[in-house]
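Using the working numbering, you'd call the opening residue of the sequence shown number 1225 and step up by one each time.
Treat the hints as calculated values from the structure; they're not laboratory data.
Quick caveat: nothing in here was measured; it's all calculated off a predicted structure.
Just so you know, not all the hints are guaranteed correct.
Straight-line C-alpha distance at most 20 Å; calculated EDC-like pairs for lysine to aspartate or glutamate [stated by the list, open to error]:
| hint | residue 1 | residue 2 |
| --- | --- | --- |
| 1 | Lys1564 | Glu1340 |
| 2 | Lys1564 | Asp1588 |
| 3 | Lys1597 | Glu1584 |
| 4 | Lys1377 | Glu1440 |
| 5 | Lys1564 | Asp1339 |
| 6 | Lys1597 | Glu1550 |
| 7 | Lys1597 | Glu1574 |
| 8 | Lys1507 | Glu1449 |
| 9 | Lys1507 | Asp1293 |
| 10 | Lys1564 | Asp1365 |
| 11 | Lys1564 | Glu1574 |
| 12 | Lys1564 | Glu1585 |
| 13 | Lys1507 | Glu1261 |
| 14 | Lys1377 | Glu1302 |
| 15 | Lys1564 | Asp1630 |
| 16 | Lys1597 | Glu1551 |
| 17 | Lys1564 | Glu1528 |
| 18 | Lys1564 | Asp1632 |
| 19 | Lys1597 | Glu1627 |
| 20 | Lys1597 | Asp1623 |
| 21 | Lys1564 | Asp1604 |
| 22 | Lys1564 | Glu1348 |
| 23 | Lys1564 | Asp1312 |
| 24 | Lys1507 | Glu1425 |
| 25 | Lys1377 | Asp1404 |
FRET-style restraints, in silico, Cβ to Cβ [what the hints assert, rightly or not]:
| hint | residue 1 | residue 2 | range |
| --- | --- | --- | --- |
| 26 | Glu1238 | Glu1302 | 41 to 49 Å |
| 27 | Gly1260 | Glu1433 | 26 to 34 Å |
| 28 | Arg1500 | Lys1597 | 23 to 31 Å |
| 29 | Asp1623 | Arg1367 | 42 to 50 Å |
| 30 | Gly1580 | Arg1431 | 46 to 54 Å |
| 31 | Arg1410 | Pro1625 | 46 to 54 Å |
| 32 | Glu1449 | Glu1348 | 33 to 41 Å |
| 33 | Glu1238 | Arg1431 | 38 to 46 Å |
| 34 | Asp1623 | Gly1260 | 27 to 35 Å |
All C-beta atoms, glycine included, are put in the ideal place defined by N, C-alpha and C.
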Amino acid sequence: MQERISPSSRVSGEICLPGDKSISHRYALIASIAEGESRIHGFSTGADCHSTLGCIRALGIPVEEQGTDVVIQGRGLEGLSAPAGDLDAGNSGSTIRMLSGILAAQPFTSRIVGDESLSRRPMERIMTPLNGMGASISARDGRFPPLEIRGGKLQPIDYTLPVPSAQVKSCVLLAGLYADGTTVVREPLRSRDHTEIALREFGAEIRVERRVITIEGRPNLRGREVFVPSDLSSAAFFIVAALLVPGSELVIRGVGLNPTRSTLLDVLASMGASVRILDVEEKNGELVGQVQVRNSRLRGGVIERGTTAALIDEIPVLAILGAASEEGLMVRDATELRVKETDRIATVAENLRRMGIQPEELPDGIGIPGGQKFRAAAIDSFGDHRIAMAFSIAALLADGPCEIRDADAASVSFPEFFRILRQVTA
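I would like the entire structure built from these sequences, with the hints used as guidance.
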């Protein structure tokens, strides 16, 4: 599918975005191994999260979808059954990595497959700790999906993550639910903590002290009613659009403002962005509020070290902001971008060049000159949802209409993206 995006004179209105993808995955997985019914309100509409639901169903757990409400009949830690065939994670790295932690403890063998993009993403970072806990996991060429997981009785582990990764941390914590004793995960830098919050909500005994997380095995998880806030990573596209298009003012309601995710707002404020947070409240341990954005002159800046880890999903759209800022943007310590759905350093650089901007591509990041004008171009998403959406925002600033090729890649995380974009730019 192609989308034609025309330059915009203003971004305005009030919008509510789909449920947070990261939280939706975690609630669904934990609800499937809790005892009793869980009702999840505002579940993500993205294809990735529905890959997680499909895998849960294939493991014998009843799942009912009622619009964006999802009802899961959990059967406890021992309630999963052997799947009749392969488990399909689709394009979802979250599904394959986090679900593997649960499957590692099951008394059956399972095989997880993914689409062409997921099949190129390395999995050693989950295989190493899970094999260390007593599972047996094999992969194509020793590192790529499909994964064959021969589960078994797990032992607790004290594991230090070699690089920050919320998915790997979550995988080990979920496996730790099945180990007799205390599992410890140590983070080199703090990563998003949705798993810790969700586990606590469902009744797990989990402690967090700075960057050390401990979880006690064999808890009595209980099903419950939970609410998913809107996804700040999805909101980032509209925030950047409103900051960059002259005369814009936008309000985004019900946005998740978890401190491990809201680094985005702090970085934008440091660049001179007019972003206000209103009506903050707590739901199921997660902060939720409104974000009000106005068109602003932005200085640009440097993203590196822990800030890079916290913003890893937002860097494609921040690259657009960097090109339009006064001083440009330098991104360092972002090697993780090389192994996302695409090599996002390469795909961002390629599309910037198509639009007349000459970035400096680095092994672990990208330098983007400021004060740039965007030229109309044919943009290729390369099948990556965040590339499709980021360069749709760039197209609003171009000197003519842009074509976004393979635009339906956005449906992986945000099927409503183009509809809402038309709504606020009409």
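Original post:
When the hints from earlier in the document are held up against this structure, which numbers fail?
Top reply: 34
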